[in-house]
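What follows is each chain in one-letter form.
2 protein chains.
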Amino acid sequence: MRRINAKRLLVGEPLDTARLGETLLPKRLALPIFCSDPLSSVAYATEEILLILALGGVALLHLAWYAAAAIVFLLVVVVASYRQTCHAYPGGGGAYVVSSENLGPAAALTAASALLVDYVMTVAVSVVSGVAAITSAIPSLSDHQVGLSVAFVVLLTLMNLRGVRESGRVFAVPTYGFVLIIYVMFAVAAVRLGTGATIRAESAHLPIDAAGTYTGIAVVFLALRAFASGCTALTGVEAISNGVPAFQKPKAKNAATTLAAMGALSVTMFAGITALAMAYRVHVAADPTELGLPANTPMSTALAQIGRATFGDLDFLFYLLQAATAGVLVLAANTAFNGFPMLASILAKDHYAPRQLYNRGDRLVYSNGVVLLACAAIALIVAFDAQLTRLIQLYIIGVFVSFTLSQAGMVRHWRRELASPATPRAGRVHIHRRLAINAVGAVMTAVVLVIVLITKFTHGAWLVVIAMPALFLGMKGVRRHYDRVAGQVAVAPGDRPRKPARHHVVVLVANVHAPTLKALGYAQGLRADTLSALSVAADEQEARRLREAWADVDPGIPLKVLHSPYREVVGPVVSYVEEAAAAEGTDVLSVVIPEYVVGHWWEQPLHNQNALRLKAKLLFTPGIAVIDVPYLLESARHPQPQPRPQGEAAGL
Amino acid sequence: MRRINAKRLLVGEPLDTARLGETLLPKRLALPIFCSDPLSSVAYATEEILLILALGGVALLHLAWYAAAAIVFLLVVVVASYRQTCHAYPGGGGAYVVSSENLGPAAALTAASALLVDYVMTVAVSVVSGVAAITSAIPSLSDHQVGLSVAFVVLLTLMNLRGVRESGRVFAVPTYGFVLIIYVMFAVAAVRLGTGATIRAESAHLPIDAAGTYTGIAVVFLALRAFASGCTALTGVEAISNGVPAFQKPKAKNAATTLAAMGALSVTMFAGITALAMAYRVHVAADPTELGLPANTPMSTALAQIGRATFGDLDFLFYLLQAATAGVLVLAANTAFNGFPMLASILAKDHYAPRQLYNRGDRLVYSNGVVLLACAAIALIVAFDAQLTRLIQLYIIGVFVSFTLSQAGMVRHWRRELASPATPRAGRVHIHRRLAINAVGAVMTAVVLVIVLITKFTHGAWLVVIAMPALFLGMKGVRRHYDRVAGQVAVAPGDRPRKPARHHVVVLVANVHAPTLKALGYAQGLRADTLSALSVAADEQEARRLREAWADVDPGIPLKVLHSPYREVVGPVVSYVEEAAAAEGTDVLSVVIPEYVVGHWWEQPLHNQNALRLKAKLLFTPGIAVIDVPYLLESARHPQPQPRPQGEAAGL
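As they're listed, the protein sequences go chains A and B. Mapped onto the numbering used here, the consecutive letters of the first sequence carry residue numbers 1 to 652. Mapped onto the numbering used here, the consecutive letters of the second sequence carry residue numbers 1 to 652.
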């Protein structure tokens, strides 16, 4: 069938399950896969700080130094904290798992809600920011930001449906390329500035139209808001602790090392970019008119301005910078494509999410989760018109909710270890140190969470404050449903299958044709206690034709014809069957439906509409079983692509 | 269930089929139901003529007189022609039926394609024009034309799903109100002009920015284009001849009388409005800038300008005019809501359209056709941004295709009657007269069709020229499919139901719980030759747990556990069952699937995903029957709204 082939073309042949072991990651591949998010966020974190400070005019831009310093400090604390998590949870220590084990289900679900929201935001923000890097280099694409962003999300989705290992290879080049070109830029800048050159960004001469006069406490508040926006630099730090099981052995150690490497890269790149932005006097604003430019002037990102100013005539390096930035940002979204489906699968396993998120697809990835994430991100991008600054307002809250819960959980974890008599005396010093690190992390991230909430609430963050509890309640509802069902279907001791007293069979007859004959033959093979046929006719004439055709094939089965002047089939049949079933008491009534099977999707709506509706209604009738006897039409008899056997038929 | 209740609230309780007889229409109700389209089109026909002529500047506006005169003449001819159809086809003489009987299937399908396109266009054009009447009176709504238009289509859909009779009552008031207010306007204008007043439209002083200089043949072409656009006044004339069976007896005579009344009303209103537009010097243009106004200036329709100028201080009469215009236009779309589903049903009966368009829904209307029409119209409105002048370009072609085919068919019909020896001599004079009328109609409408095609092709009509053949081929394809299937499933003489040699039953087991026990008991009741159970486990541990639970309930049935490391269920089960079925030869294998039945729609995605996919795949496996054994969870056991018995259980 064509559809199957299209799927294979896009996502590849099904993988054998034995190949899952092969997909374990060495550190050099784990870094680009898990760290493209925190590494790439340096591409926009500085700009978001400047954008907020610009509201207070040029005079307040120097506050960026303080905000950046605070963020660097915070980054070090959070990386140190999560290194502890890697050691404590080598099986994968996402905020959900850690909260669940140490703080109970309510905290775990809160963390899960926060993470789900932030995975979606990561995709949206990273992709939109990557597209901004492209349009900074090629201003003529400025009008197509939404379309480009959506296209990249679709591309990522297809890549991820192909499986995690192949993704890693694709991601290594732009991530390492991005890091390299940034350091090259630092080197060039250092040489040029060191030799006495004065470098100015293209926007340095533009006036900034302050949104208001900020004094006293208002300045502090603005600085805090700038800090809060800059905290995007921290997003995705937890990805490694989530993904410990994907590392090669020794898993925990490799993960912690990778995390440290990531921290070092992030801190230096963020600090360097911010320093250059200040040195070059980069001026940015949410709207070109605030810089005294005509509306709709395409604007370059801060990083693009720095790159253009630094490289000057070395054009190709500037374009390389923009390409690498776009590449790493679009791929940063991949962190979420790893994390979201895995978290959804864990939630499904714990009955907090629909069961179909639990299973891996035939390429050994959680296909349903991947598709769900992509749909949510595309919806956000379209709804916010691919505007980075508006999306950023929704970001970070979830990150810091999960940071705080995760670190608090770790504190509880270490305290429990200390309380356990099994813990060797010698190890206690280590544990005290780990406890201290996580405690500092918990307090710091909690403080930042409060700052972010206060400074961003009215700027769009309220949406997240609604979405998270909604997700929380939704997941609780799903769990409650599954629990209730489990209670209803539980087997009591002594329960045994109960054979019905008698078995009645009714064959539905639309016409006397080959599918009907096949169904009648099948029904005779059931050796039921009673066997009859049921049909519907609009008028006397139609009923007579039917009876004559029936007599011709002489099945020896009584035929009942219901009267339905406008050929409404479902209603009369269901009523009749319901009455019949109710009359039978403890007996069982099987309804046999001959069904056409066609081979092309477009043939489907031409057939079986009544059969489908009948089945849907009959399922609700107590005491009924529905038997489909398919009749394969020629188009369905062409050799079908056989599903590759994915399990052996050998008994365990 | 909530959904059912919502449906009942919106479309009403199911009607008993016996009530269909009650819905026959007296003339006074048939007029608004079938004629709101042609009557209401006078609201925009004049404006569309002026819009085209305005391209040539003020100097060419006087050509409107000629265009209008030609249209009036054409209207008389077409009405006269269709009166003959009413008499010849009292069972309903739509273009499809007439072409089918007289010109063969290709012509009939061409007519059907044309009609289907035009029904959709009628809805789109009428509703958009009605909304324009509203925004002419309330300019602040100008930004919401698309939203308002879609809302009206939805409203109409719901009204029509309630059934034809109730619709008629709702429609009488605005249709008659519209006719009345137009005549009142004529009276006021006559008195004021007769007493020497000089009345000028608000736009009379605006210059018209001619799109080019038109001389010689270009002027003729522009006049023809204006005439073609004005022909919208003729749309919907055929509705009555389609709907003859809905009239009270004597059906044909009543229909012909109603048609004549409609013609008289249309001609006088159209002529009057055009005369006033010329007298008041109404200037219109597709874009306000062509009238020297700033872009985005809300513009009034020509009719609104005439009304405002005529009524002057009598504000309330102006608002009444706009309300009645909006009302009759939105309801004009209803002509299509009557015609489209009925035509679709006839096409489905002839196997040219999917079978589900054939049946009436539980309110005795063709619900599927109504919904299909609404979706198509909404798509058009959104795609064309609710701009009347762009939509009008797509209109009319279909109308004149069906007019021409219908009249040509009538000519053939009368010639056949003349040739028949059964026709009494006395009647032949009458028949000659009818033949002459239809022949004139056929030639006239064919000429207009050519004019419309030539003048509108490059202005958007090419879309229709593509859509009609696409529909044509689609319908032919559906017919071919049904024919092929009918051949495949035909019963040869001597065919009898064949009981399978042996019957094998496999019960799919996900878990050992109550639904499984129920299914096992049911399967034991089938008295099959072999009975076994099949399950899937991810690992040894899970398999062991399953076997232990199985031993506890002791069903005495062998359990096979397939190995599937990542819980992929569908693939392994289908492979196993396929192999088993292939091994059985002429025997039959029944697969029993225990299924959860939940009562709320939102519970559905939480269950049975594997069961659904399994069933879909198993249907394609030869030699398999699929048995659903539903297990009703508590939420599904609440008393269900019983479908009202719509047929009696008495044998015919």
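Derived by calculation from the structure, the hints in this document are not laboratory data. Wrong hints could be hidden among the right ones.
In silico DSS-like links for lysine-lysine, alpha-carbon gap of 30 angstroms or less [said to hold, decoys possible]:
| hint | chain 1 | residue 1 | chain 2 | residue 2 |
| --- | --- | --- | --- | --- |
| 1 | B | Lys349 | B | Lys499 |
| 2 | A | Lys349 | B | Lys249 |
| 3 | B | Lys615 | A | Lys499 |
| 4 | A | Lys560 | B | Lys476 |
| 5 | A | Lys349 | A | Lys27 |
| 6 | A | Lys253 | A | Lys349 |
| 7 | A | Lys615 | B | Lys27 |
| 8 | B | Lys349 | A | Lys617 |
| 9 | B | Lys27 | A | Lys617 |
| 10 | A | Lys615 | B | Lys249 |
| 11 | A | Lys499 | B | Lys249 |
| 12 | B | Lys349 | A | Lys560 |
| 13 | B | Lys615 | A | Lys617 |
| 14 | A | Lys253 | A | Lys27 |
| 15 | A | Lys617 | B | Lys249 |
| 16 | B | Lys499 | A | Lys615 |
| 17 | A | Lys349 | B | Lys560 |
| 18 | A | Lys617 | A | Lys560 |
| 19 | B | Lys249 | B | Lys27 |
| 20 | B | Lys499 | A | Lys499 |
| 21 | A | Lys560 | A | Lys615 |
| 22 | B | Lys560 | B | Lys476 |
| 23 | B | Lys499 | B | Lys27 |
| 24 | B | Lys560 | A | Lys615 |
Flag every earlier hint the structure violates by its number, smallest first. 1, 2, 4, 7, 9, 10, 11, 15, 22, 23
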